[in-house]
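Letter by letter, the chains look like this.
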Amino acid sequence: MKPPILIIIMATIMTGTMIVMLSSHWLLIWIGFEMNMLAIIPILMKKYNPRAMEASTKYFLTQATASMLLMMGVTINLLYSGQWVVSKISNPIASIMMTTALTMKLGLSPFHFWVPEVTQGITLMSGMILLTWQKIAPMSILYQISPSINTNLLMLMALTSVLVGGWGGLNQTQLRKIMAYSSIAHMGWMAAIITYNPTMMVLNLTLYILMTLSTFMLFMLNSSTTTLSLSHMWNKFPLITSMILILMLSLGGLPPLSGFIPKWMIIQELTKNNMIIIPTLMAITALLNLYFYLRLTYSTALTMFPSTNNMKMKWQFEYTKKATLLPPLIITSTMLLPLTPMLSVLD
Amino acid sequence: WMSKPNMIWINTTTYGLLISLISLFYLNQPNDNTLNPSLMFFSDSLSAPLLALTTWLLPLMLMASQHHLSKEPLTRKKLYISMLILLQLFLIMTFTASELIFFYILFEATLIPTLIIITRWGNQTERLNAGLYFLFYTLMGSLPLLVALLYIHNFMGSLNFLMIQYWIQPLPNSWSNIFLWLACMMAFMVKMPLYGLHLWLPKAHVEAPIAGSMVLAAVLLKLGGYGMMRITTLLNPLTNFMAYPFMMLSLWGMIMTSSICLRQTDLKSLIAYSSVSHMALVIVAVLIQTPWSYMGAMALMIAHGLTSSMLFCLANSNYERIHSRTMILARGLQTLLPLMAAWWLLASLTNLALPPTINLIGELFVVMSSFSWSNITIILMGINIIITALYSLYMLITTQRGKYSHHIKNIKPSFTRENALMTLHLLPLLLLSLNPKIILGPIY
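Chains as they are written, first to last, in the UniProt record's numbering: chain Y, 1 to 347; chain A, 1 to 444.
So that you can see chain Y by itself, here it is in the shape it has in the complex (with noise of 0.2 Å):
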């Protein structure tokens, strides 16, 4: 589309998000979230055929029924303290209803179905703006209202989110609905510490971003969608494929590479709470996470395929610039490991 309706779209999309951050009454917020659904549905229709139609108006049907629960929330509470301030809800059928609808934004279970219907209708691009970006607004409402979540609620929502995310995407060979699933498990690890101490979840948000975006960014350098043609990259770009190889084991959790540290502290913050169980069976089902993004790797990395694609094309440059600073981040960030600590104390 036409640059300058493109640039007006996107500082929609962000002025959007920075209202929801940064205002402190409750309409205000509303508002913001409006405005970014608004604007993020021509993003996600850039392609126009009937199969980004359909995953736009799913998106446009859950987020508006969201804005309205969580408008609902907002005026019982209205009613029930007198102030519009986003501070402590006083009441529980308030907060109940705001969780609910701000985990509908998110795609946590059980309201995760419409993830992976419209991450795979809508292009990589927008699917990546789909799974960040509009992450950070829920979260940050919930970093907000987060004394007075009910716990039960989340965590049953995190449990099963992560069962989901894990089971769901064993299943799958399109990128973009891996991607997906690995959203919503990755949403259910952010939202079981929510009550216990944001602050993890911060941490979680901001590693889970950074390596969504260069997972993103490498899907995009080759313009591949499916686990097959990830499979023909080690001809045209070998050094891409061992990025994707440590990428994906980052995204799995292992240590001694970033991904590790967000589980790490995480499996702290609840054992230091005294839950036991639950951060064992989530860390077991992140294993399910794992076998998805070792089986891309050994399809991109680990093997070579018969397959020899040699089509050398001309790559747009401009691709491979804006690629090469995120992956950088995400390997330093493993330096950090014996660092992260320490920050998130002063945060």
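Since the hints were made in silico from the structure, they are not lab data. Quick caveat, the model's predicted, so the values are computed rather than measured. Keep in mind that the hints are not guaranteed to be accurate.
Said to hold, decoys possible - Covered stretches of chain A (in silico footprint by chain Y; criterion: 3 or more residues with CB under 8 Å from a CB of chain Y, positions within the stretch not fixed): (1) 103-115; (2) 263-269.
Unchecked claim - Residues from chain Y that face chain A, not an exhaustive set, calculated with beta carbons under 8 Å: (3) Ile41; (4) Met45; (5) Asn49; (6) Pro50; (7) Ile129; (8) Pro255; (9) Pro256; (10) Ile267; (11) Thr271; (12) Lys272; (13) Ile276; (14) Thr280; (15) Ala283.
Where a beta carbon is used, it is the ideal one built from N, C-alpha and C, also for glycine.
Chain A: place on chain Y using the hints.
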């Protein structure tokens, strides 16, 4: 990475040898039973022999891999060497870690280069499956370990320096403590395979390239033993009865895997199962928790490391010539390669624990301490020793003696490199039998 193309092997091998010399000088100090910490978070190693073993093996691995990588492009060779060096680095840090969580992180970290070596440079299509089995068995066991370590960290205040566990309290007997014990131990049980969880080992050993097999057999299994020795002394002063099922599994499994060795046709698979059997002895020793058994466990670990690695090198020399691992395809090698037959003989003899070698010292200590634990185990141990002798001699006779098969008359003679490899493996074994005090571990 910065060497000229035809010098990469030589450079890395010499550096590796130098590093191993350094480690020998620096860390065989703890003979007089004092623990000298070298740095802040690298403790001393009361497992100094394992460290020496690790550093000794790196140049040997490099020497062993030269042949099968000779046809690869240069970048891939350098990648392979970097993977080996990275693995080495992680292993060195693991053995000198002084905090259990650091140890855990590095324990998992050693999995990644090993996985890459096995799946990228292995030889058959089953290696994908083998890598998966390897990774997931180990991770499934070690994730509860992470949770348990963090719980203990909160409960006892610190896991640092591993000797500030002077303030351990005896664990009372409750269900949650039983699960804690299980969570701590299962990771190491999988790693040095306990009989019921050993499925990853034959797959991984058989599919890995030679350097991968060497390092797997020699050092990675010992990681499990080392971890168990750390955790049992420091965290479980009271739950002795929890050891019973694992003892029984180990004792029974020892005999089972040795008997499987008698019916193997695949050479590498035979050596892999013999590794399981020897490690089962180590598990028995560590679970009994007597001073003699610890000495036996340490000696057995070092001896088995060198012996298994040597056997894998010998099997690989066969494989490189006939590109098949079946034993009966390459019979009668004594008439064709007599010097190699001498190494085969010595390796088989040390495998079956011939008297003055340290293999025997290890096994003897373990047998004696298990006899003192319960009189009946001597029967099982005796049966195991007999069967071990049986399959070692079976392997020796099948490959060396008898008339050679017609089709192997035109195999290449042994390279100097291979002979050097074998001597370098064997020399520490034989020399240590002169002074086994070094490897007897912390309690001597």
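Here's how the hints hold up against the structure:
no.	hint	result
1	103-115	holds (count 7)
2	263-269	violated (count 0)
3	Ile41	violated, 41 Å
4	Met45	violated, 40 Å
5	Asn49	violated, 36 Å
6	Pro50	violated, 38 Å
7	Ile129	violated, 31 Å
8	Pro255	holds, 4 Å
9	Pro256	holds, 4 Å
10	Ile267	holds, 6 Å
11	Thr271	holds, 5 Å
12	Lys272	holds, 5 Å
13	Ile276	holds, 6 Å
14	Thr280	holds, 5 Å
15	Ala283	holds, 4 Å
The structure does not agree with the numbered hints 2, 3, 4, 5, 6, 7 stated previously, though it agrees with the rest.
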